[in-house]
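There are 2 protein chains.
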Amino acid sequence: MTRRDDSLPVELASLFLGPKGENADLFERLLTEAFRDHVFWRRNFHPEDGFEIAELDKRAPAYERSASVLAQELLGLLAELKGGVPFFSPRYAGHMTSELTMASLVGYFATMLYNPNNVALEGSPVTTRLELEVAAQLAAMVGYPPAEAWGHLTSGGTIANFEAFWVARNVKYLPVALAGAADELGLADLQVDLCGGRRAPLGALDLWRLLNVPPPAALDLADRLLAAAPDRAAAADAVARHTLARVGYQEYGRRLALEFGDPLPAAAVLVPSTAHYSWQKIVRALGIGADQLVHVPVDGRFRMDPEALWATLAALAAKRTPVLATVAVLGSTEESAVDRVDRILEVRERAVCDLGLAFPLHVDGAWGGYAISVTREPDGARREHARALADDPGRRWPSEEVFAALAAVAGADSVTIDPHKFGYVPYPAGAVLFRDRRVRELVSTEAPYVFQEESPDSVSAIGPYILEGSKPGAAAAAVWLAHRVLPLDASGYGRLIGATARGALALHRRLAESDFAPFRIVLLPEPDLNIVCFAVAHPQLASLEQANRLIGRAHARMSVAAGRPSREVSYFVTKTLLRAEEYGDAVLPLAHELGFAAEDYRRAGGVAVLRSTLMNPFFADRRGKTDHLEGFLAALRAELAAALEEVTS
Amino acid sequence: MTRRDDSLPVELASLFLGPKGENADLFERLLTEAFRDHVFWRRNFHPEDGFEIAELDKRAPAYERSASVLAQELLGLLAELKGGVPFFSPRYAGHMTSELTMASLVGYFATMLYNPNNVALEGSPVTTRLELEVAAQLAAMVGYPPAEAWGHLTSGGTIANFEAFWVARNVKYLPVALAGAADELGLADLQVDLCGGRRAPLGALDLWRLLNVPPPAALDLADRLLAAAPDRAAAADAVARHTLARVGYQEYGRRLALEFGDPLPAAAVLVPSTAHYSWQKIVRALGIGADQLVHVPVDGRFRMDPEALWATLAALAAKRTPVLATVAVLGSTEESAVDRVDRILEVRERAVCDLGLAFPLHVDGAWGGYAISVTREPDGARREHARALADDPGRRWPSEEVFAALAAVAGADSVTIDPHKFGYVPYPAGAVLFRDRRVRELVSTEAPYVFQEESPDSVSAIGPYILEGSKPGAAAAAVWLAHRVLPLDASGYGRLIGATARGALALHRRLAESDFAPFRIVLLPEPDLNIVCFAVAHPQLASLEQANRLIGRAHARMSVAAGRPSREVSYFVTKTLLRAEEYGDAVLPLAHELGFAAEDYRRAGGVAVLRSTLMNPFFADRRGKTDHLEGFLAALRAELAAALEEVTS
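Residue numbers (our numbering), protein chains in the order written: chain A, 1 to 649; chain B, 1 to 649.
FYI, nobody ran anything at the bench for these hints, they're computed from the structure. The reader is advised that the hints may include incorrect statements.
Said to hold, decoys possible - Computed spacing ranges between beta-carbons, pair by pair:
#1 E259(A) <-> Q540(B): 48 to 58 Å
#2 S514(A) <-> R29(B): 44 to 54 Å
#3 G595(A) <-> Q72(B): 57 to 67 Å
#4 A136(B) <-> G563(A): 47 to 57 Å
#5 E513(B) <-> A228(A): 40 to 50 Å
#6 P61(B) <-> A79(A): 36 to 46 Å
#7 P61(B) <-> E349(A): 12 to 22 Å
Claimed, not checked - Examples of chain B residues lying across from chain A (beta carbon under 10 Å, computed):
#8 N161
#9 L185
#10 I282
#11 R637
Unchecked claim - Calculated Cβ distances over 12 Å to all of chain B for the following chain A residues:
#12 A34
#13 V39
#14 E48
#15 E184
#16 L185
#17 A200
#18 W208
#19 D231
#20 A234
#21 I288
#22 G300
#23 P306
#24 D379
#25 D418
#26 R510
No residue lacks a Cβ here, since even glycine has one placed at the ideal position from N, Cα and C.
In isolation and in its complexed conformation, chain A is listed as follows (with noise of 0.2 Å):
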């Protein structure tokens, strides 16, 4: 293959089945072709076994009628299907999803056929190979050390982020069963690495200073207790039993409490105000607690604010509450905002020495971890800013600080990344990726001396390491195509992701240039990705819940929320309440913008918007034979007008 090297630029309008289905032919015919080689595989597998069903099996009444059956009942279900929603089209701009990659599509029907199951190495020699491949090729786009990182495909972003937590738990309480089995085996005189380049024995630490041992000096500490102790399987053991993983949280904070006699708080999560709901859900699980969730103030550009991080950890070390983790968060939810990763990282450094608070720092790049490949050249180095800008003939995109942030991932501990979002692939396939790939030993159900064998050119089993228990290959063997046919840097997803932010861009800024009179668009800042959110403003609207209920009859007119069929949708939104009690003052703008109160803000409980996600490459770049922008804003203005009349009738 000589693709890197080649002159000519990946076409766009290759990669999908297309608007109209324009390329069905290619597509046909490669599907086709994926279902025959499959069908000639089997059939060359012991040919002397001859036919199982022989042809005249099949003209029995009883074949006919069940294969009759078949075909009558996916009739049945390609005409239900067809109440679906038009996520292929450019006037679909709702919610995260989006028409696929060809690619992802056959690479996923042909090995669904083999059926591997990534969890099982055994029965998938194959496919296990392929997402081992592909967590590498996401891990060197994030920038962590190939030889160091690990990563691996999930069901979805719930689950990374889900992991990655588990994990990062694991990672903070690990001193304190290091310094447990320390003590049994005679080993607290071992030392460990502290801020500024100190060191103090294991055993003279306190709790609080247990908990606050950063998170690559524990796995070290860990490292050089197994390697001091004479018996390595009997250290692990003894480490192990004194984890939070096999004693339980109950008995835990028991022993704890009578070890250390140290009634420490239960430690903090901290999030941005603008981070996804799944959080809530995360900590319930995991038996954190929501009430552990501290939701770190956004600034103007929905950012979670560096200094409100600063001022956040300090107050928590003031009152001795440990950090379990920080979450940065890529692309938001409903903004698409890019969280300062590179300043979040400053602030977490100073906090080592300057707070003694230290914790692992996990990205949720769920939506936006695929960005990252603007800040990647072909080669795999790092590029340039300006050579990302240059890009954009508008030099708008990427800005210099969402470029600063996408480029600094490397620097976390973890982090997520959805292919099933920003990669174009199909459900199911989330990942997540570790910096230190020694994590994985503390989450795994086997006795981790077991894996020290490992050879590292061997393709090594993901089964053990993992929250979930089957888990398809066809997802790996999708993103892996899709991966070979549109790289990881900016030639590749970075030239599609490209096309969707300055399709935002444009949306956003004919948005505040049209006169929708008597309606006011009142637009959120310009996104860091491609997500486009805007509130309402009419003379008529006279509080702020009336105009809330403005935003949910137009939705109601441009979506299939309310049953409405799809083919009376001309352009398709999405809405969503910016709630004070997770944005505090961050919507407060918004809301004097519409004309409207602090105190109008808080008794409505938030400011509602229209959000267009943009996920079409060809919606703002005029191609057939109807201008999208043009007819999102035609149709805007008219579903407006007949939503007052619903709201104020």
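Knowing the structure of chain A, use the given hints to seat chain B on it.
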């Protein structure tokens, strides 16, 4: 459709693509039908937009190059996939993996083109409905009351089991939260239903009794508390503030100690000693702790021993250790043993009054759940055992005990059933079902009172109640179409599963009757479902360790595990180690039969066995040129001889 009252049975040969792709023509016709149907749906959506990709665009060098890369890379993938495992063949009798139904494959592909996400109702109005239909079908098969049950699909059995336990924990601690809220709301006089029709005021219960309120009584109590409160929303909020989910384990433990002054041990989780390793993962991730996992001994048929369960419960009650939940397994991973759910339910019933111990029962039917279909007539009525037995010409399967256990699952609080195992559909498709839909509210991240308005007729969203954050609607459609072709009763899945069980019994008998001298095949008892396990003795195998190594070598020769290409394997098996630390004395008879003593067994750590899962209905049903039963035996003889040479040389 007149399928149900038609006298022709389902023809199993029409369900699958076939070991030699015999049904390839039918499959390809349905596949292209589904694909073209989708293309023309696209074309009919706003035809006035014209085409975004013109025919002339496709002649441009950049397009041609991109399309060529796709076709080339797909060929590369197809070549890779040929290194996979021939699950489709009757020669494959290893893991729980098999050929899939054509219905599920075509249904999956047809729906994948639409890419619905069943976590978001707005993006999956059709497939969310199909998923709820499928869950209702499974619940009806189990025997849950239709109006009260609730269920959904998951990415697999581990997540399904995880969710069942997440729910069970919330139900377990609910009375404690209710007591806390009642105290605040002045409702401490509320009556609680206790065993034997007795009642007591909520405020009078101590911590031990609060943790032993039977699950349905706890849910009723929550309803009554919300109804009695003057402000329902405020009351729901008060309850939420006292839940473990909100407070987190650490703070919860502190509060309980403070309020009740009662240092109860952490709650135990009871599983049979055959339980899947994922239970370890689940109790670790939930923060329950692996130490809280209690293995209940199994009997000679590898089923949880009800007497041993009673003894375990009595011992826990004597130590005042609460029981978080008990798990019964329907089809153990190694032996396909079916726990006597009927007798376990009796033990649970007795424990409430006699031991003061109440707890939820979860059935892990990830593997064997679909076998419940043999207990259903096509009209949904419960079959009689005699009728089920009459389906087997040999009158051997299902045994009366297995039938009673399958029929009793209706009495469990929750059950896991994986369509992607015994349902013959592609990954990812697990399912979890709950007897009482009210439990959903306990894990919902939205305020519970919000959901009171939901109309029972409308399609309700799945997302708020489950762990996962995205989920392919295609999986729901695949299961749905499979169930249309093969109903969940004796005429459908019952027929298919019966065929595999009879294949396993036939293999078991042939292995028992055949002469392998100088080898001796030492079989586990007849399987409850369709897995045959056996150890191997030989005069030259001087130690159990050596006998176990022989199994390892034989497995390497009869699988692709050691990198062997699949074309060189004539029959596939897998292997497993029945570990002494889990199985205890249940495996001793096997060691004895091999000629080894109890101390050999403990020293070796367990007994290794070859394991054959019979999923292919054609294995023992001779249709092609090869007698696979005979072929399997011949291959086994040859591979054992070769393996012996490797072990003893």
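Results for each hint:
Taken as a hint, the range 48 to 58 Å holds for the pair E259(A) and Q540(B), whose Cβ atoms sit roughly 54 Å apart. Between S514(A) and R29(B) the Cβ separation comes to about 50 Å, which falls inside the hinted range of 44 to 54 Å. Under the hint 57 to 67 Å, the C-beta atoms of G595(A) and Q72(B), about 59 Å apart, fit the expected range. At about 21 Å, the CB distance of A136(B) to G563(A) disagrees with the hint of 47 to 57 Å.
With their beta carbons about 58 Å apart, E513(B) and A228(A) fall outside the hinted range of 40 to 50 Å. P61(B) and A79(A) have their C-beta atoms about 41 Å apart, which keeps the hinted 36 to 46 Å range intact. Judged by the Cβ atoms, the range 12 to 22 Å given for P61(B) and E349(A) is violated: they are separated by roughly 49 Å. Of the supplied interface hints, the one on N161(B) holds, with its beta-carbon coming within about 8 Å of a beta-carbon of chain A, less than 10 Å.
The interface hint given for L185(B) is violated, since its Cβ lies 20 Å from the closest Cβ of chain A, which is over the 10 Å cut-off. A hinted interface residue such as I282(B) counts as satisfied when its beta carbon comes closer than 10 Å to some beta carbon of chain A; here the least separation is about 9 Å, so the hint holds. Given the 10 Å rule on beta carbons, the hint for R637(B) is violated: about 18 Å separates it from the nearest Cβ of chain A. Not every C-beta of chain B lies more than 12 Å from that of A34(A), the closest at about 6 Å, which undercuts listing it as non-interface.
For V39(A), the non-interface assignment is contradicted: its Cβ lies about 4 Å from the closest Cβ of chain B, within the 12 Å cut-off. Residue placement check: E48(A) does not keep its beta carbon more than 12 Å from all beta carbons of chain B (closest about 7 Å). Interface exclusion of E184(A) from chain B stands, the closest Cβ pair being 17 Å apart, more than 12 Å. Taking the minimum C-beta to C-beta distance to chain B, about 20 Å, the non-interface status of L185(A) holds against the 12 Å cut.
Listed as outside the interface, A200(A) is consistent with that label: its C-beta sits roughly 26 Å from the nearest C-beta of chain B, beyond the 12 Å cut-off. Residue placement check: W208(A) keeps its beta carbon more than 12 Å from all beta carbons of chain B (closest about 15 Å). The beta carbon of D231(A) sits about 18 Å from the closest Cβ of chain B, which is more than 12 Å, so the claim that it is off the interface holds. No Cβ of chain B comes within 12 Å of the Cβ of A234(A); the nearest lies about 16 Å off, and the non-interface call holds.
Distance to chain B contradicts I288(A) as a non-interface residue, since its nearest Cβ pair spans about 5 Å, not more than 12 Å. Annotated as non-interface, G300(A) keeps its C-beta farther than 12 Å from every C-beta of chain B; the closest such distance is 28 Å. A cut-off of 12 Å between C-beta atoms confirms that P306(A) is not in contact with chain B; the least separation is 27 Å. Listed as outside the interface, D379(A) is consistent with that label: its C-beta sits roughly 18 Å from the nearest C-beta of chain B, beyond the 12 Å cut-off.
Look at D418(A): its CB is around 8 Å from the nearest CB on chain B, not clear of 12 Å, so calling it non-interface is violated. With a minimum CB-CB distance of about 19 Å to chain B, R510(A) clears the 12 Å threshold, and the non-interface call stands.
Violated hints, listed in ascending order, are 4, 5, 7, 9, 11, 12, 13, 14, 21, 25; each of the other numbered hints is respected by the structure.
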